[in-house]
Amino acid sequence: MARRTPVYPANVALGAKIIEFGGWDMPLSYSGATEEHQAVRQRCGLFDVSHMGEVELRGPEAAAVCQHLTANDVSKLRIGDAQYSLLCNERGGVIDDLVVLRTGADRYMLIVNAANTATDAAWITERARRRAEVIDRSAELGLLALQGPDSELALRTLTPAPLASLRPFAAIETTVAGRRAWVSRTGYTGEDGFELMLDAGDTLAAWEAVLEAVRRRGGLPAGLGARDTLRLEAGLPLHGSDVDAETTPLEAGLAWVVKLRKGDFIGRAPLAAQAESGPPRRLVAFELAEQAVPRHGHTIFHGDAVAGNVTSGMRSPTLGTFIGLGYVTSGVSAPATPIAVDVRGRRVPGRIVERPFYRRVRQE
Amino acid sequence: MNFPDSLRYTKEHEWLRLEGQEGVVGITDFAQDSLGDVVFVELPAVGATLTQGQIFGVVESNKTVSDLFAPVSGKVVAINETLREKPEQVNTDPYGSGWMLRVALSNATETGPLLDAKAYQEFVASEQAK
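Residue numbers (this note's numbering), protein chains in the order written: chain H, 62 to 425; chain X, -4 to 125.
Hints may be right or wrong, so weigh each one.
[Said to hold, decoys possible] Derived pair list, reagent style DSS-like, types lysine-lysine, alpha-carbon separation capped at 25 angstroms:
(1) K6/X to K70/X
(2) K125/X to K6/X
(3) K58/X to K125/X
(4) K81/X to K113/X
(5) K58/X to K78/H
(6) K70/X to K58/X
(7) K70/X to K78/H
(8) K81/X to K78/H
(9) K78/H to K320/H
(10) K78/H to K6/X
(11) K58/X to K6/X
[As the list claims (entries may be wrong)] Sample of chain H residues with no beta-carbon within 10 angstroms of chain X, all distances over it, derived:
(12) G93
(13) A94
(14) T95
(15) R292
[Unchecked claim] Residues from chain X that face chain H, not an exhaustive set, calculated with beta carbons under 8 angstroms:
(16) F35
(17) G52
(18) V60
(19) S61
(20) D62
(21) R79
Bear in mind the hints are in silico, worked out from the structure with no lab data behind them.
If you're wondering where the values come from, they're calculated on a predicted model, not measured in any experiment.
All C-beta atoms, glycine included, are put in the ideal place defined by N, C-alpha and C.
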């Protein structure tokens, strides 16, 4: 049976459509995915993302172990800094993407994808070789994502933390609605927002309090359906769809995460070689010229030749057009290149476009 | 959930409203709710011939794609062109502005096996219990 988050009773009470995702019973939508998407773009939305895994690395050598296991440069992190990073295998393939949060002098929290938590924890434990303590905290912790331009206004009534001075990818240990929480200025929607990590036993109470503040701002609870359309418009890859153990960060457009000069780490050698030769294929954003929903696995053509395949697709609620991400051979990956996608036997014309599809207007 | 008494239903969740020798076809409240927000509806051309039980189009949400099955045989005399720009009408008004096509029935006896509202409602309840 699927696992349930601390917010599950509230999700059911709110009438959420529940689906199994990554081994968890999760809310797909509450009032409707499109409406929830718009709420996050225009005001704010609250997501239960307690299915995400948390793997803690602890001990005097935790930083060194983390540096060896992840592709980004952990040495830059001060306490309260978060960083987007990748777990790569020896071939340079992406085992998972994650956020590394430094919670103490010798403590790092790795926030990973739900479906990968067990394999990540096993991978990390094996390669830590007892140089650091590796603890899977997933069952002990809940995670909420408050996203949208009004997130700060909604949250500031509930926490003493100086949110206005909290920069993107900075975090602070504070309280939310009287409950202990790590609040980070991070998210997966392309909007401003925060993620709140709490003890599992405090998560439902925090959800109720934050949701009330969200509703007062005209916001909504939002499910995984909106989360997927928001992240795709923002050009953010989804592990398991757009990136996986068979794709490299350089192919996926994540070269900025891979710090080849920081010293050795798992996957460095093949990634350095690929950086030298150039990746043979690239993850690109595309837009179709006609109505059709491109889906994972559909073939992408350039002229009559197969150029690659779709990894994610949808109708963009913001643009109203049909968009997607997919891998194409590097020679045809430039923006404006004409392509066609085979959508169930129909060749639908389109073109490669700049990624992301949507970029928020920053509010000062 | 709403299942009007005036309509006939299929186990694939289409509805049929008989108007003389013609019938209007759409998908049910249950179907639209299961799909989530509809983003695309692919319909046959006016003049196409439908065969009862055969696929005549698709309806898609961002989550999933679902085939549409003809509740009766006949010739398509009209399609709902507004769904191209406003597919969300399938969600907001499945029995009204979310209609999909109008068929001239070729065999009126085919409506016999279609479910009435009560039988369809019981069928939906049994599906949800699974």
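A quick look at each hint next to the structure:
{"no.": "1", "hint": "K6/X to K70/X", "in the structure": "holds, 22 angstroms"}
{"no.": "2", "hint": "K125/X to K6/X", "in the structure": "holds, 15 angstroms"}
{"no.": "3", "hint": "K58/X to K125/X", "in the structure": "holds, 21 angstroms"}
{"no.": "4", "hint": "K81/X to K113/X", "in the structure": "violated, 30 angstroms"}
{"no.": "5", "hint": "K58/X to K78/H", "in the structure": "holds, 12 angstroms"}
{"no.": "6", "hint": "K70/X to K58/X", "in the structure": "violated, 31 angstroms"}
{"no.": "7", "hint": "K70/X to K78/H", "in the structure": "violated, 37 angstroms"}
{"no.": "8", "hint": "K81/X to K78/H", "in the structure": "holds, 23 angstroms"}
{"no.": "9", "hint": "K78/H to K320/H", "in the structure": "violated, 41 angstroms"}
{"no.": "10", "hint": "K78/H to K6/X", "in the structure": "holds, 22 angstroms"}
{"no.": "11", "hint": "K58/X to K6/X", "in the structure": "holds, 21 angstroms"}
{"no.": "12", "hint": "G93", "in the structure": "violated, 5 angstroms"}
{"no.": "13", "hint": "A94", "in the structure": "violated, 5 angstroms"}
{"no.": "14", "hint": "T95", "in the structure": "violated, 4 angstroms"}
{"no.": "15", "hint": "R292", "in the structure": "holds, 12 angstroms"}
{"no.": "16", "hint": "F35", "in the structure": "holds, 5 angstroms"}
{"no.": "17", "hint": "G52", "in the structure": "violated, 12 angstroms"}
{"no.": "18", "hint": "V60", "in the structure": "holds, 7 angstroms"}
{"no.": "19", "hint": "S61", "in the structure": "violated, 12 angstroms"}
{"no.": "20", "hint": "D62", "in the structure": "violated, 10 angstroms"}
{"no.": "21", "hint": "R79", "in the structure": "holds, 7 angstroms"}
In summary, the structure is inconsistent with hints 4, 6, 7, 9, 12, 13, 14, 17, 19 and 20 from the numbered list given earlier, while agreeing with the others.
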